[in-house]
Structure formats: C-alpha cells, structure tokens
Amino acid sequence: MKKQTLENENKTNNKIEKRIIKIVLIAILIFILLYFIYNICKLIQNPTDVFIVKEGTISLEENVYGYIIRDEVVLEGEKTQNEIIQIKNEGEKVAINEPVFRYSSSKEESLRNKINELNKKIDEALENEEKLPYTSDIEILDNEIKIKIDETYEESDVQKIKEYKKDIDSAINKKSKIAGSESKSGSYINDLINERAEYENEINASSEYINSSRSGVVSYRVDGLESTLVTGDLSYLSKSLLEGLDVKTGQIIATSPNQGKIINNFMCYIAVVMNSRYSEEAEVGDRVTLRLSSAEEVEAEIYYIAEETDGSRVIVFEINKHVEDLINYRKISLDVIWWSKTGLKIPNSAIIYEDDLAYVMRNRAGYLDKILVKILRSNESYSLVENYEIDELKELGYTSEEIKNITRIKLYDEILENE
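Take any residue in the sequence shown, note its place counting from 1, add 78, and you have its number in our numbering.
Please note: incorrect hints may appear among the correct ones.
Below, a list of computed lysine-lysine pairs in the DSS-like style, where the Cα atoms sit at most 30 Å apart [stated by the list, open to error]:
1) K409 with K399
2) K423 with K171
3) K452 with K423
4) K132 with K171
5) K326 with K419
6) K399 with K317
7) K132 with K448
8) K132 with K317
9) K448 with K472
10) K423 with K409
11) K452 with K482
12) K132 with K452
13) K132 with K423
14) K399 with K448
15) K132 with K488
16) K452 with K419
17) K472 with K452
18) K472 with K419
19) K419 with K448
20) K409 with K171
21) K326 with K423
22) K409 with K317
23) K171 with K157
Label pairs and their in silico Cβ distance ranges [to be verified]:
24) R365 with D469: 26 to 34 Å
25) G310 with E377: 21 to 29 Å
26) E396 with S318: 19 to 27 Å
27) L111 with E492: 41 to 49 Å
28) I108 with I453: 19 to 27 Å
29) D469 with I383: 37 to 45 Å
30) S371 with Y287: 47 to 55 Å
31) I484 with L111: 32 to 40 Å
32) T420 with G310: 35 to 43 Å
33) S318 with N289: 51 to 59 Å
Rather than coming from a laboratory, the hints here were simulated on the basis of the structure. The C-beta atom is built at its ideal place from N, Cα and C for all residues, glycine as well.
Take these sequences, add in the hints, and give me the full structure.
Shown next, in the form of structure tokens:
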C-alpha cells in the first residue's frame, strides 16, 4: 500500500516538474519573441545597416557658374561689310603676321564664275588633244597627285585635307601648263591658263587680308565681350557686372561673319561668385582643382579675390590646361574642389559622438564593439578616419593598460550605420 502511494507521489511530482519546465520554456520563448519584436520596432524607428570599411576618397566641392576671361585680340579690317574667307581654321595655331582671313571683294563671285568657266575650257581642250608625250615631269606630277588623293581619303583632319587639295590643284595646274606647251593647241591652252591667273590675281588684289597681330590660336567666335572681360587689372570685376552679362550657361558662342580673334592658348581665367565658408577662407595663391563641364579636372590657382558688400566674393581662378576646350564658351558650370583626400572611408551616419570623441560600432560575428576613431576629414556624407596613436590616447586620459586592450578600426571591418 505504501509502495503504491509512493509511486503515485512520484508520478505527481514528475507531472509538476514537467509543467514547470514547460512553463519555463514557454516563458523563455515569449521573452525571445518579445525581444525580437522589440528589436524590430527599434530597427524600424532607427534603421541600421552594415557598412564595410574600405579605402576611399572624399572631397569637398561646390558647383558654381564661371565666366571665362581670355587674353584675346579681335581682328577686323575695313571691309567688314564683305564676307570672310577663312585662311586659318577655327582652333588653328598661328604665328605673328601670318594671314588669318580675308574679306572677299565685291566682284569675287563673278570672277569665280569666270575662273570655273576657264577650267572647263582647259579640261575640254586637253580631252580633245591627241595623246601627249608622257614626259618625266608629267609622270612625277601624276604620282604626286595619286599620293595626295590617297592621303586625302585616309585623312580625317579638315585642315590637312584642305592642304592636300591645294597641293593637288597646284600639281594639276602645273600639268596643264606642261600639257599646253606640248600639245598642238598649246598656245590656246596657255592663253586660258594665263587668263585664269589674271582673274585669280584680281581677286587677291581686291581682297583685304587680315594678319595675326600676335601668336596664338585662331577663333571666329566673337561675342562682343572681348573688350569687357579683359585680363590684366581685374579690379573692374564685381558680382553685379558678371551677373548682368547677357550670357547663357553652356551656350556656344556664334561664329562672327566679319571678325576673328587670336587667343592666348596657354592660360585663361575663370571668374566665379561664391559665399561659402571655404570661399571665405580662400586666399590668393591657394591651389584647388576645377572640374569643367567636360568632366575634365584641372589644377587652378586663385589669382584674384574681391569682397562684395553682401558678404559674397568674386574669386578668379587661373588655369593653364584645357584652355582651348573653353574657346567655344563664355559661361560654364563647374565644380570647385577645395580638397580631396584618401583614407578609411565611413558614412557620417555610422559615427557616434560622446564627450567630443567619435566612435563607431563594429559588428563581428554578432558581437558589437565600440571603437574610438580619429576623424581626419568630413564632407556632407562621409568621413575619413584613422586610429589614434599611443601618445594621443595618453593625452586623452587612457592608461597604458587600457591602451593595450583598446580595439582599433581596420580595413573591411563591418560597422553599423544608423539612418
């Protein structure tokens, strides 16, 4: 009887123990679930992402509008009512006193028509002649013509193609003279050639030739601001002057029908209006990087600064590369890159500040470590960081023992980013 009672008590105790274990397990599961829900809510309120620490570059830059100021001289003659005939192409380099362009004469069109008619008569006269003796001079000229024609087909540069065409015309002209002297109707052909030369001379004599007054690059894009935006003494520059110019950003300057100019292709200035903190701290002689609208980056030096009454500043940058790329424009959009630096790059949202010190939370296999970091540079989105040196940590109050155990940030660490 006693044995039966003992067995019943054991069964009852076992049931109670199982219930207790079950209750404990349920409580643990509820706790885990609540903790999980809590973290989800916390994550929704403060989203967290993982950022891999890598080597990167950050910069501080500002987008502004720049006005191009060139060292340029406008060329024009007296016959500005006549059409320009370009001798030098847009962007072509010239030396001092080289012919750049000429103004056509009033009779040029009729003279050109007469020359074309004479060319036809010369071709017809040569075609009607019996086969000419193939002299060594004609052979040389034929070879020269063939070579120049082949080179013309392979060439893409417009200026060189024009030069080849001149060489071909010259060789054909020489061949015509030789053919004229050797043919039965040589006197007639020579008379046509001489008449054509007279018309050509008349065109040249009645044209006004404009020569370069200096060496530089030729341009026919004249906008009338060449005498307003000048180099030298830049004290005339002001915010109101620049913003009052009737110029659209990125607009290509139209080709002038009666003027050309020579541009110094070794340097130019870009004037901007700025009012940022970095522009306030800028000084003449400082070097920065400019990113042009073509995406090219060029080194620039601050050449001139003028203070404005509204707190802004007119800053003039001098550049000596990609000058020719700016010939087509007077006003452009550009980025002023005040500084650019490379190091361990992290998002600003990953930085925690405590007592004026910066920390990041590193995640390694689910374990979080708070790491002290030294911020080197920051822009709006990112910072470059590094670890403090031992002497710096001592200055911050860390003991030698604490320094031994301090965690340091490394490449490819996973840090938490809070949005």
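Checked hints:
This hinted pair checks out: K409 and K399 have alpha carbons roughly 17 Å apart, not beyond 30 Å. Distance restraint check for K423 and K171: the Cα-Cα separation of roughly 46 Å exceeds the 30 Å cut-off, and the hinted pair is therefore not satisfied. Taking the CA atoms of K452 and K423, the gap is near 12 Å; set against the 30 Å cutoff, the hint holds. Only pairs whose Cα atoms come within 30 Å are accepted, and K132 paired with K171 is rejected, the gap being roughly 47 Å.
Proposed proximity of K326 and K419 is contradicted: the alpha carbons are some 34 Å apart, above 30 Å. Restraint check for K399 and K317: the C-alpha separation of about 26 Å stays at or below 30 Å, so the hint holds. Note on K132 and K448: the hinted pairing holds, with a Cα-Cα distance of about 18 Å set against a maximum of 30 Å. This hinted pair does not check out: K132 and K317 have alpha carbons roughly 42 Å apart, beyond 30 Å.
Taken as a hint, the K448 and K472 pair is honoured in the structure, with Cα atoms around 18 Å apart against an allowance of 30 Å. With a C-alpha separation of about 35 Å, the suggested pairing of K423 with K409 is violated against the 30 Å cut-off. This hinted pair checks out: K452 and K482 have alpha carbons roughly 18 Å apart, not beyond 30 Å. The suggested pairing of K132 with K452 holds, with an alpha-carbon distance near 16 Å, which does not exceed 30 Å.
A threshold of 30 Å between alpha carbons decides the hint, and for K132 with K423 the separation of about 6 Å falls inside it, so the pair holds. Using a Cα cut-off of 30 Å, the hinted pair K399 and K448 is violated, with the two alpha carbons roughly 48 Å apart. The hinted pair formed by K132 and K488 meets the criterion: a straight-line CA distance of about 9 Å does not exceed 30 Å. The hinted pair formed by K452 and K419 meets the criterion: a straight-line CA distance of about 15 Å does not exceed 30 Å.
A threshold of 30 Å between alpha carbons decides the hint, and for K472 with K452 the separation of about 14 Å falls inside it, so the pair holds. Between K472 and K419 the alpha-carbon distance is near 27 Å, which keeps this suggested pair within the 30 Å criterion. The straight-line distance between the Cα atoms of K419 and K448 is roughly 25 Å, inside the 30 Å bound, and the hint therefore holds. The hinted pair formed by K409 and K171 meets the criterion: a straight-line CA distance of about 23 Å does not exceed 30 Å.
Among the hinted pairs, K326 with K423 is inconsistent with the structure: their alpha-carbon atoms are about 38 Å apart, more than 30 Å. For a cut-off of 30 Å, the pair hint linking K409 to K317 stands: about 14 Å separates their Cα positions. A distance of roughly 24 Å separates the Cα atoms of K171 and K157; the hinted pair therefore holds under the 30 Å criterion. Evaluation of the 26 to 34 Å hint for R365 and D469 yields a pass: the beta carbon distance comes to about 32 Å.
Checking the proposed 21 to 29 Å range against G310 and E377 shows it holds: the Cβ atoms sit about 23 Å from each other. Against the hinted window of 19 to 27 Å, the Cβ-Cβ separation of E396 and S318 comes to about 23 Å, which satisfies the hint. Taking 41 to 49 Å as the suggested C-beta distance range, the pair L111 and E492 does not conform, at roughly 27 Å. For the pair I108 and I453, the supplied restraint of 19 to 27 Å is violated, since their beta-carbon distance comes to about 43 Å.
As the Cβ distance of D469 to I383 is approximately 39 Å, the hint placing it in 37 to 45 Å holds. Between S371 and Y287, the C-beta spacing of about 36 Å breaks the proposed range 47 to 55 Å. Look at I484 against L111: about 37 Å separates their beta carbons, and that is inside 32 to 40 Å. Our hint of 35 to 43 Å for T420 and G310 holds, since their Cβ atoms are close to 39 Å apart.
Between S318 and N289 the beta carbons are some 38 Å apart, a value that contradicts the proposed interval 51 to 59 Å.
Hint violations for this structure: numbers 2, 4, 5, 8, 10, 14, 21, 27, 28, 30 and 33, all remaining hints satisfied.
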